[in-house]
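Engineer: Using numbering that gives the first Met the number 0, the first residue of the sequence shown is number 0, and each one after it goes up by one.
Treat the hints with caution; some may be incorrect.
[As the list claims (entries may be wrong)] With a cut-off of at most 25 Å between alpha-carbon atoms, the simulated BS3-like pairs for lysine-lysine come out as follows:
hint: 1; residue 1: K72; residue 2: K45
hint: 2; residue 1: K60; residue 2: K74
hint: 3; residue 1: K182; residue 2: K274
hint: 4; residue 1: K45; residue 2: K81
hint: 5; residue 1: K45; residue 2: K74
hint: 6; residue 1: K60; residue 2: K81
Since the hints were derived computationally from the structure, they do not count as laboratory data.
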Amino acid sequence: MADRPVQPPFAPTVSEEARATMAPLLAAGSAPEMTATLMRNAITRKAVRAAAANHLRPLNKSRARRFDVEVSKDKIAGVPVKLVRRRASDAAADQRLLINFHGGGFMVDSGSETETIPIAGLTGISVVTVMYRMAPEHPFPAAVDDALAVYTDALSQRPATAIGIYGTSAGAVLTGQLLARIKAEGLPMPAAAGVFSGSADLALVSDCEAFLPSIMGARTAPDTLADYSAGTERTDPLLSPLYGDLSGLPPTLLMTSTRDQLLSQTVRFHLALRKAGVDADLMVYEGMLHAFWAYMECPETDDALAAQAAFFSRHLVR
Numbered sequence: 000m001a002d003r004p005v006q007p008p009f010a011p012t013v014s015e016e017a018r019a020t021m022a023p024l025l026a027a028g029s030a031p032e033m034t035a036t037l038m039r040n041a042i043t044r045k046a047v048r049a050a051a052a053n054h055l056r057p058l059n060k061s062r063a064r065r066f067d068v069e070v071s072k073d074k075i076a077g078v079p080v081k082l083v084r085r086r087a088s089d090a091a092a093d094q095r096l097l098i099n100f101h102g103g104g105f106m107v108d109s110g111s112e113t114e115t116i117p118i119a120g121l122t123g124i125s126v127v128t129v130m131y132r133m134a135p136e137h138p139f140p141a142a143v144d145d146a147l148a149v150y151t152d153a154l155s156q157r158p159a160t161a162i163g164i165y166g167t168s169a170g171a172v173l174t175g176q177l178l179a180r181i182k183a184e185g186l187p188m189p190a191a192a193g194v195f196s197g198s199a200d201l202a203l204v205s206d207c208e209a210f211l212p213s214i215m216g217a218r219t220a221p222d223t224l225a226d227y228s229a230g231t232e233r234t235d236p237l238l239s240p241l242y243g244d245l246s247g248l249p250p251t252l253l254m255t256s257t258r259d260q261l262l263s264q265t266v267r268f269h270l271a272l273r274k275a276g277v278d279a280d281l282m283v284y285e286g287m288l289h290a291f292w293a294y295m296e297c298p299e300t301d302d303a304l305a306a307q308a309a310f311f312s313r314h315l316v317r
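Using the sequences provided together with the hints, build the complete structure.
Structural biologist: Structural data, given as structure tokens:
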């Protein structure tokens, strides 16, 4: 494991709960390190994915209890998914649907439940989280194909005005790629999109990526997404939507934080969306790490999740 950059002291504006959680994460690492070498080997790749699942299991269970949500597995259009619903909700009477794409560098599942359970609980909207095919076994556009298959199935059962899509980290990247694909295929756009700690440009290293450490303490490596984008030109608009026409995309909420290595990429995407005439809002959290709402329990997480829930509740039509 690479040496970890020295972190500046946490800001006094960050909650005590957040500081207490971030300190050990930065000291010890929050999840197995996903180097190209580890993930290209079938044996170590399986071990890393299993370790990531074990790491998140306690948080998955505690959030399911807190938000009174149930999670089940299914397939939609042949794609494995998890169905996340609030126990007291009446799915038959509410046509609204959120489609989520989990984070994990396109190599592991690092949030299929932690990203969706709170939103289902807070909104009462059913959430489908897509267990898309991952790299290195399945490079681009496999994940987008899976996402599109689930979205197309949703369109066959309800109007686009009742559908929202969102993701965190790699899932945020996939959200942007799906929007580009939806536009390219002339399909109706969803009512809203959430791009949380993501990027729409896989060709360039942004300012924050050059100096901000990740939650693992390592700087962003040039080949981080090499196995995902393998064989595709990095400036292809379907891979990096920032290089395409962004007009006509749905209202979008972008979320990041000042210690997020993808802060600059999120800001760039927000500006590009605004220039294209898209209704896009940006929320930046003080002193917090990359995608903190997916794995930390603190007041900042509560605020971020509430903002995500309010955004979708406002835009999706019953």
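Engineer: Give me the numbers of the hints this structure contradicts, sorted from smallest to largest.
Structural biologist: Checked against the structure, no hint fails, so every one of them is satisfied.
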